[in-house]
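Trainee: Residue numbers (our numbering), protein chains in the order written: chain A, 5 to 59; chain B, 5 to 59; chain C, 5 to 59; chain D, -8 to 56; chain E, -8 to 56; chain F, -8 to 56.
It is possible that some hints are incorrect.
Said to hold, decoys possible - Below are the DSS-like pairs computed for lysine-lysine, each with C-alpha atoms no more than 27 Å apart in a straight line:
#	chain 1	residue 1	chain 2	residue 2
1	C	K18	B	K11
2	D	K15	B	K19
3	C	K52	E	K23
4	E	K15	C	K11
5	A	K18	D	K15
For the record, the hints were derived by calculation from the structure and aren't laboratory data. Keep in mind the model is a prediction, meaning the values are calculated, not measured.
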Amino acid sequence: AQELLTKISEKCFKKCITKPSSSLDSSEQKCIAMCMDRYMDSWNLVSKAYSSRIQ
Amino acid sequence: AQELLTKISEKCFKKCITKPSSSLDSSEQKCIAMCMDRYMDSWNLVSKAYSSRIQ
Amino acid sequence: AQELLTKISEKCFKKCITKPSSSLDSSEQKCIAMCMDRYMDSWNLVSKAYSSRIQ
Amino acid sequence: QQRAQFQEQINKFNDICWETCIDKPSSRLDSKTETCIVNCVNRFIDLNLFCAQKFAQMIQQNGGF
Amino acid sequence: QQRAQFQEQINKFNDICWETCIDKPSSRLDSKTETCIVNCVNRFIDLNLFCAQKFAQMIQQNGGF
Amino acid sequence: QQRAQFQEQINKFNDICWETCIDKPSSRLDSKTETCIVNCVNRFIDLNLFCAQKFAQMIQQNGGF
Chain A
5 AQELLTKISE KCFKKCITKP SSSLDSSEQK CIAMCMDRYM DSWNLVSKAY
55 SSRIQ
Chain B
5 AQELLTKISE KCFKKCITKP SSSLDSSEQK CIAMCMDRYM DSWNLVSKAY
55 SSRIQ
Chain C
5 AQELLTKISE KCFKKCITKP SSSLDSSEQK CIAMCMDRYM DSWNLVSKAY
55 SSRIQ
Chain D
-8 QQRAQFQEQI NKFNDICWET CIDKPSSRLD SKTETCIVNC VNRFIDLNLF
42 CAQKFAQMIQ QNGGF
Chain E
-8 QQRAQFQEQI NKFNDICWET CIDKPSSRLD SKTETCIVNC VNRFIDLNLF
42 CAQKFAQMIQ QNGGF
Chain F
-8 QQRAQFQEQI NKFNDICWET CIDKPSSRLD SKTETCIVNC VNRFIDLNLF
42 CAQKFAQMIQ QNGGF
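Turn these sequences into a full structure, and let the hints guide you.
Mentor: So this is what it looks like as structure tokens:
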């Protein structure tokens, strides 16, 4: 789970923070929250697809 | 060799599968086969160049 | 320190050598030297910012 | 331990398919993106199998690579 | 050992902030680039804390992920 | 073991030179691409030596970095 959290941080930083400013503004925070939710959605989808394929 | 195979898979996926569809079509398969051959050609060339340099 | 040196080499190769030729020309050497200095400047700055944040 | 290995595999696949299928994160995964992710996983497995087979042949034919 | 861990962390942060803030290396870091790097470090720490919190909530709510 | 280390090194060099020299895989490596790969390996070694030397100087002059 630690590794997953590290991945999320790196991926969502790249997607959401293109010009780092003096604080996380509200649109960046919204982007990070969405990015994290989508990353988990994707993770669960990949997990399901992979499981059904290797069975 | 396992690591090399992992590298090949990642590199050739990026080069050959830009829009994953419901199966590997023939042009994708052709691209993967070529990509793998070229990756091995490159590997052998790098190996030779590196060997002759460090001797 | 070895890891840092490896990072510098990879980053500065990407920034400075786009078309590898038969030798490092003077503009490439200049670029590499600057790149390395800036990478170290950045490293020291990151180190300071991180230290003051986690204290 | 097997669970850790499974998660590592999923992390790797998700990394690749995220880069392949997601441009900007939005309020939900639409069906087009979902299809892309599922296809991505399956084509990446196909490609892995294809390459592993071809690689084994290469090694046999050349007695190494 | 703790020192090694610290350096590894700095390497990772510097990797990300270098990619974010530096386009072409020049004869010195100008103040704009310095500000970018310092902000980058701090926003990346903010984001890490934000994600870790949200992640912990997710796991609690769903009993896993 | 030494063989494994050699292969790891080649994997890394090939990774970098593949990205530097190959755009789309074609039916064979043309001579231009071959030259690019050989030059890439040699310039990457040059750059490594150059940086290692400069790095050692830095550490000596500053008593650290």
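Trainee: Which of the numbered hints above does this structure break?
Mentor: Hint check: nothing fails, all pass.
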